[in-house]
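Chains as they are written, first to last, in this note's numbering: chain U, 1 to 261; chain B, 1001 to 1266; chain G, 2001 to 2368; chain Y, 3001 to 3391; chain P, 4001 to 4296.
No lab work stands behind these hints: they were computed from the structure. Positions of the beta carbon are idealized from the N, C-alpha and C atoms, including for glycine. Warning: the hint list may mix true and false statements.
Stated by the list, open to error - Just a sample of chain P residues kept apart from chain B, beta carbon distances all over 12 Å, derived: (1) Leu-4053; (2) Val-4065; (3) Ala-4076; (4) Val-4092; (5) Arg-4111; (6) Gly-4131; (7) Gly-4180; (8) Phe-4219; (9) Leu-4260; (10) Leu-4277.
To be verified - Simulated restraints on C-beta separations: (11) B:Ser-1023 - U:Thr-72: 54 to 62 Å; (12) B:Glu-1182 - U:Gly-22: 27 to 35 Å; (13) U:Glu-153 - G:Leu-2038: 32 to 40 Å; (14) Y:Lys-3182 - G:Ala-2104: 16 to 24 Å; (15) B:Asp-1232 - P:Ala-4156: 54 to 62 Å; (16) G:Leu-2036 - Y:Ala-3340: 53 to 61 Å; (17) Y:Asp-3087 - G:Leu-2036: 21 to 29 Å; (18) B:Arg-1133 - U:Glu-153: 42 to 50 Å; (19) G:Ala-2349 - U:Glu-153: 27 to 35 Å; (20) G:Arg-2026 - U:Thr-32: 52 to 60 Å; (21) Y:Lys-3293 - G:Leu-2114: 54 to 62 Å; (22) U:Arg-115 - G:Ala-2349: 54 to 62 Å.
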Amino acid sequence: MVRVTGTPAALAVREVTVRFAGLTALDAVSFTVEPGSVHAVIGPNGAGKSTTFNVLSGVYRATSGSVRLGTTELTGLAPHRIAALGVARTFQNLALPPYATVAESLMLGRHRLTRAGFVAAGLRLPSAAREARLHRDRVREIAGFIGLEEELEKPAGTLPYGKQKLVELGRALCMEPQVLLLDEPVAGMTADERRRVAAVVADVRDGLGISVVLVEHDMGVVMRLADAVTVLDFGRRIAGGTPAEVQNDPAVVQAYLGTDA
Amino acid sequence: MATLEIRDLSVGYGPVRALRDVSVDVPAGAITAVLGGNGAGKTTLLRAVSRTLGFHRGTSTGTIRFDGRRLDGLRPAQVVAAGVIQVPEGRQVFARMTVADNLRAGALGARGGRRTTAAALDRVHALFPVLARRAHQRAGLLSGGEQQMLAMGRALMAGPRLLLLDEPSLGLAPLMAARIAETVQEINADGTSVMLVEQNAAIALRLATTAYVLDVGEVALSGPAGELAASDEVRRRYLGVVDETAAADATRAVDGPSRPLSRWSA
Amino acid sequence: MSEATTAGAKAPGPGRPLTASLRRPRTHLWLAGALLLLALPFYLDRFWLQAGLFAMAAAIGAIGLNLLTGSTGQLSMGHAFFLAVGAYGYCVLAGESSTQNGHALSGLGLPTWLAAVLAVLLAGAAGGLFSPIAGRLRGAYLGIATLALIFIGQHVLFNAGSLTGGFNGRPVPPLSLFGFTFDDTEVVVAAVPFQSFEKLWYPALLALAAGAYFARGVLRGRPGRALNAVRDHRIAAGVMGVPVARYRAGVFVLSSMYAGLAGVLLALVFQRTVPEYFGMVLSLEYLAMIVIGGLGSVAGAVVGAAFVSLLPQVLTHYSDSLPLVSAPGTGGVAPGEASRYLYGAAVVAVVLFLPGGLTRPKKPGENR
Amino acid sequence: KDGADADRSGVRTGEGVTDTKITLGALTDMTGVYASLGKSVTQAQQLWVKQTNAAGGICDRQVELTVRDHGYDPQKAVAAYTELEPDVLGFPQFIGSPFVSAVEQRIDGQDKGVVLPQAWSANLLGSPYVRVIGATYDVETINLIDYLLEEKRITEGDRIGHVYFEGDYGENALAGSRHAAKEAGLTVVEQKIKPTDNDMTAQVSALKQAGVKAVVISAGPRQAASLVGVAAATGFDVPVVGNNSAYAPQLLATQAGPALQKDYYIGASTLPVGDAAKGPAALAEAYTAQYPKDGLDNGVIAGYNAASVFGEALEKACASRDLTRDGVGKALLTIKDFGADFGVAHDFTDPAAPSTRQTVVMKPDAGTPGGLKVVRRAEVAPAAESFTAKP
Amino acid sequence: MTTFIELLLGGLAIGSVYALIALGFVVIFKATEVVNFAHASLLLAGGYVTAVLHDDIGFWPALGVGVAGAAVVGAAVEFFVMRRHRGSDHSVLAIVTIGVDILITTELTRRMGTEVLSLGDPWGDGVVTVGGITLAQTRIAAFVVAGLLITLFLLAFRHTPWGVSMRAAAENPQTAALMGIRLGRVSLSAWAVAGALAAVAALFLTVFPTPGLERATSFAALKAFPAAILGGLDSTTGALVGGLVVGVTESLATGYQGDLSFLGRGIGDLAPYLVMLVVLLIRPAGLLGTKELARV
Ligand SMILES: Nc1ncnc2c1ncn2[C@@H]1O[C@H](COP(=O)(O)OP(=O)(O)OP(=O)(O)O)[C@@H](O)[C@H]1O
Ligand SMILES: Nc1ncnc2c1ncn2[C@@H]1O[C@H](COP(=O)(O)OP(=O)(O)OP(=O)(O)O)[C@@H](O)[C@H]1O
Ligand SMILES: [Mg+2]
Ligand SMILES: [Mg+2]
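Isolated chain U (complex conformation) (with noise of 0.2 Å):
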């Protein structure tokens, strides 16, 4: 089984293309997320971002290409077997359980880190126990960790948007994964709130040493955040390097940031 600790490894995406009837939303796309690294991924809406998450997380699967996670071949394998390997990720289209408590949410984050299975649970064998109130502390702490203590018991369902946007993040880190993913995280929030969930990545990439891969349309976070950028367009990249590089790129200015930002 993943240990969640030890050397975090790169992610690699090698000419990675997605075909839908039709239209094809990734075309050999490829790029390296550093190990601990802020890795953003921009571009004009359905450039193929949330698809490139899709492929990652597995919920789609490449019709061409590899995703590499260190020596592990992630394409083809399913979404849980993704996880397992901690790859987590946030929905860019909110994807939480409207009445369960944020709490419980939370906890199912620890889906991959914990054991009890059918028996264990209905027999409450005391490893289970124990695993269990292991775990709810660890949850409160992460809640603690991203301001949403006073909603833990609350059911998701009747937070406003942007504190729903935390769950999910919250969600993801509870799966301690080494890679994260964050589908516009910023999105519907305001400038407050946007600094303190810039700085919790900030902090995931620092303190815990986690990879973020982030998508999201604040050029400031990006550019601020990203160690490193890449940019699609038409589910091709266009671009790539420091956001600095990015940012002056004319093929990116005139296909997504536009003449005044």
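Given the structure of chain U, go ahead and fit chains B, G, Y and P with the ligands onto it with the hints provided.
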């Protein structure tokens, strides 16, 4: 010309008080921005106007007038019939219907006849060419931003007199966000009043003539957009000129995570 | 939304002194209830005991269905099929080969307790066999696909004569544990003659308690959370590391095993299997139970089961003393009809007025 | 169990019998698939009770009938039996043979009360307490085929179709037709159906193609009507014979009415209720007087007949001063040629055999009340004499 | 060979009746995403009204009233029950309809008692004979009507605002309301339409070759389940295809049960479900149903 007057509006979701005595005016033909943090009650405010609180077991008191006509007490469909159209938060496209059918659904509330509808459709396609290209794709398969465009276009199909926008630029690329901003201005120029809920305060205050700031359910500040844009409070919390400082802060991690998180080992 | 989620609030743990105080009066209630149940056979007559046994069997089955439909969101109308597997499985495993009315019946003649256990496993296996389909389909499609099981089941029950006894059904060998046989031979306990029902009461009670305890544990624990996740958002569940297909199959098997246990118990009460019994109506009744009681909760399943299976008995028993209801043959509303009215109305009304079922208040902050 | 005690007059009594009252149970179906049968049987038996009590009751006791409607639901049926069993002497009515066999163990084992099921399945034979009144379906079917042979509608070498219900009714009847076929050198083309099938088109075309010369139907009235109707409409005119459960007078009002009256025959172990003979006539009159709204059908006779058999047993038991279940059981075993005024004499001395092997052949007829008229008085086919269902 | 053709045609004929019933399910499902187990009872209601009236006011008027009556019952169900439940989970709603079904069916069967009611249709037991193969006129009528109605609804769903609003309301009530769609009206109309369809189906389900309307008629309606699923619950054409497939399967399985007897006799009722299972294994959303999409 249409004006929206909200007076002493209070909204509760069961025990949760979401809005307290909020009064807002959306003058005819103007763009009015509503700012506020998460949970401030912006969406709730729009829900109250469009009478869709019921879907969330929400209850409201206070009066809402549109052209002097009471909206509170009406059914959502009647509000739409009056020409008040809301673009819901978080896209809410009809995922299993085609893009084209989504737009047709938008036109259901239109007051004009076939011709106006056709015209509206052309305009939407002009604004968002991708919607024309994807006319027969199921909306659920669109990308987040494409869905946002569809939500916007769908609302325009109804030929609104008052447009309620809940974070229209959410998840849009800068270029597209700018495009939306122009669009809003155009629509407004054609005589549609707009009530704009935006997180991107910069855009919002640039577009709006007047603005309100909601804080945990109450109007904290209000006034001409220009003045607000100048006020420190707003500058720090909402403009905060995020784009410059946020990440800077982040790297320094001031007022960031309440407690540091240690690595999990088990 | 389910035990699992409320568990968050209830589960004991640091920082929740409140629950501790909550527990005490609870436990007292439980004890009182338990004592009452244990004492019943000494006071109730056979009719009520039998009714109670039916209710307990139903409760066990309903718990299983609730795991599947309530907590995992997999609509199943094939529950009766798995009940049948349990009931007939027990008969075949425990029964001796024999001939009756010219039908040759084959049986393995295993020790009855072993047969009971194996029958439950058999039902589980049957569920496992169906999981390729169960894992594929969703919602209404799954519901009606499982309906097919009922028809297959009925067909087999009627046609596989040598195993099922065809339309005659099979005699059910009485259960015997440690040399004690739960049959109709009279044993006098504290001046009360104990016959099969009195005797069966206790194993049934035990089975129900065990079943409920187990299910509660599952729902409040890691598996329950995973199941809810599968129900609420399949893709997200997968991404969170939940092997969706395996859990769907797993819960299908588990719920089939509950059905199997219920089937064995029913068989023991009936003392003879009746193929007609395991039809679609039965499946629908089980669905009604979990909705009336409350989707996704163990208590809900039990309460719903008691309600649905006891209602008709009460009505027919007191038909003469009830208003409107008139004895059959005298015109007017027959008790049978009256109970159907009530039961139909109950299903509708409960969902109308108590969206969470009899056992749970309305879900908080319901939106959509 | 049997707290048998003697009353003043020295009559031993047990469950369901007090000094003033004899309580009998009826487990019927008024809300399920056999509702029409259940209604008639129950009302007829309530009529019998009324008459008996008016005539002074039995053994100076009033007779009371406790009715439970199980709506053809096994669980309810078994529950109802458990409920009534301790408080009744016996059951002159128990509809639904699957349920009867479900409790048969208990009846034979401990309860030992006489049960007269309104079902004619040979599987019920053999118990000293569960006694079938009339010819079982297999015997009835043999007699019906015999009628066709006698009428020269079919002859050796012909094929006959048999459309039958899944379940004991149909399959018991099938055993009969197979036996008859063997005896007469016929071949049976089988078509099994389920009670939910209402459209016999497919069956008819199959039988037609198989070139059958006659059809036996052991199903419900609806299936019979559909079968006969389709056969007639598609010019497939062969005689159709059905068991007593395969007909209801209501059918005459339907599209199939005319066709049914053309070439369809029903067998039963009683005269039709509309018959001129004094037994049926008197009953029909009394019944219509009692229940003017409700039509007459053979359920009425079946029910009344069963009740009076039980009554006879009670009388005999009373005579031998033993009104316990035991006594009634014994008494029943002594009853010979009883109930001839309904056209067939019954003999209950042999638990292993039906109370009669005779069958009356009837024909639908809108003219007579009850919608049936006799075409052949009670007879036993030679093949039926020899036949025994159980090996 | 003629057996085959005769069975085939017979199957198609009865299949078109199933198609009519299935269409009822489809309409409700499209409008509310609820599987309507109460459909059988609507069917019973429509048939009952027609049956009790035709003697006095003649068949066609009676049928008209019957259709209207069933529509009203359907609307009532929506208004008094389903409307109050809007927002509950779909499978819960499905179970609610079971409750409704029990209520209505019990009431009707109580009224019907033990009668076998004729609907007094004009076709009687008339048949058409083509090349030695006979078909009941009623079935041909059913075939035509089913074809017409299903095309009608296909067009309605595709091209009328009603169709669009129905699908929109089904998928996301709140947003639909924001489009000015009157949710109440939409689902009310859907239920009314379903009721009307049920009444029509009731007619063809109870006329010759079946004896008439009585308490067990509603069981026959069950056969529309595999039909609706087979074709795809949200597809009108699917209803037709599914109905026909079920009809033919049933008819052939019955007709050739002699040759299939190794499976045990009387697989006529079972066969459609087996076919359904096979289809679902290959196409989890039925032959023509829209498959549920996976996009996050
Ligand atoms: N399952 C699918 N079937 C068909 N087309 C799809 C599917 N998923 C995505 N697409 C298409 O692929 C393209 C890329 O989608 P994707 O969601 O990756 O864009 P994105 O970069 O995330 O855009 P945004 O920033 O708006 O979220 C879009 O045009 C979308 O319509
Ligand atoms: N369905 C609901 N049930 C209960 N409480 C709710 C519900 N919806 C919103 N609330 C509460 O009402 C308050 C206002 O929520 P609202 O969604 O209006 O905020 P918002 O300003 O739109 O936030 P955001 O910018 O994140 O969208 C919040 O405290 C939220 O928790
Ligand atoms: Mg995206
Ligand atoms: Mg909002």
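Status of the hints after comparison with the structure:
No beta-carbon of chain B is positioned within 12 Å of the beta-carbon of P:Leu-4053; the least distance is around 37 Å. The beta carbon of P:Val-4065 is kept farther than 12 Å from every beta carbon of chain B, the shortest such distance being approximately 32 Å. Its beta-carbon lying about 21 Å from the closest one in chain B, P:Ala-4076 satisfies the requirement of being farther than 12 Å from that chain. Interface exclusion of P:Val-4092 from chain B stands, the closest Cβ pair being 17 Å apart, more than 12 Å.
Look at P:Arg-4111: its CB is around 37 Å from the nearest CB on chain B, clear of 12 Å, so calling it non-interface holds up. Every Cβ of chain B is farther than 12 Å from the Cβ of P:Gly-4131; the closest lies at roughly 45 Å, confirming the non-interface assignment. Against the 12 Å criterion, P:Gly-4180 falls within the reach of chain B, whose nearest CB is about 3 Å from its own CB. No beta-carbon of chain B is positioned within 12 Å of the beta-carbon of P:Phe-4219; the least distance is around 33 Å.
Interface exclusion of P:Leu-4260 from chain B stands, the closest Cβ pair being 40 Å apart, more than 12 Å. Look at P:Leu-4277: its CB is around 25 Å from the nearest CB on chain B, clear of 12 Å, so calling it non-interface holds up. Between B:Ser-1023 and U:Thr-72 the Cβ separation comes to about 59 Å, which falls inside the hinted range of 54 to 62 Å. Checked against the hint of 27 to 35 Å, the C-beta distance between B:Glu-1182 and U:Gly-22 comes to roughly 30 Å, which is consistent with it.
Hint check: U:Glu-153 to G:Leu-2038, Cβ distance near 37 Å, so the stated range 32 to 40 Å holds. Between Y:Lys-3182 and G:Ala-2104, the C-beta spacing of about 21 Å keeps the proposed range 16 to 24 Å intact. Roughly 60 Å separates the CB atoms of B:Asp-1232 and P:Ala-4156, a value that falls within the hinted 54 to 62 Å. Range check, G:Leu-2036 to Y:Ala-3340: about 58 Å between beta-carbon atoms, so the 53 to 61 Å window is met.
For the pair Y:Asp-3087 and G:Leu-2036, the supplied restraint of 21 to 29 Å holds, since their beta-carbon distance comes to about 26 Å. Between B:Arg-1133 and U:Glu-153, the C-beta spacing of about 46 Å keeps the proposed range 42 to 50 Å intact. Hint check: G:Ala-2349 to U:Glu-153, Cβ distance near 31 Å, so the stated range 27 to 35 Å holds. A hinted range of 52 to 60 Å for the beta carbons of G:Arg-2026 and U:Thr-32 is consistent with their spacing of about 57 Å.
The hinted range of 54 to 62 Å is satisfied by Y:Lys-3293 and G:Leu-2114, whose Cβ atoms lie roughly 58 Å apart. Between U:Arg-115 and G:Ala-2349 the beta carbon distance is about 43 Å. The supplied range of 54 to 62 Å is therefore violated.
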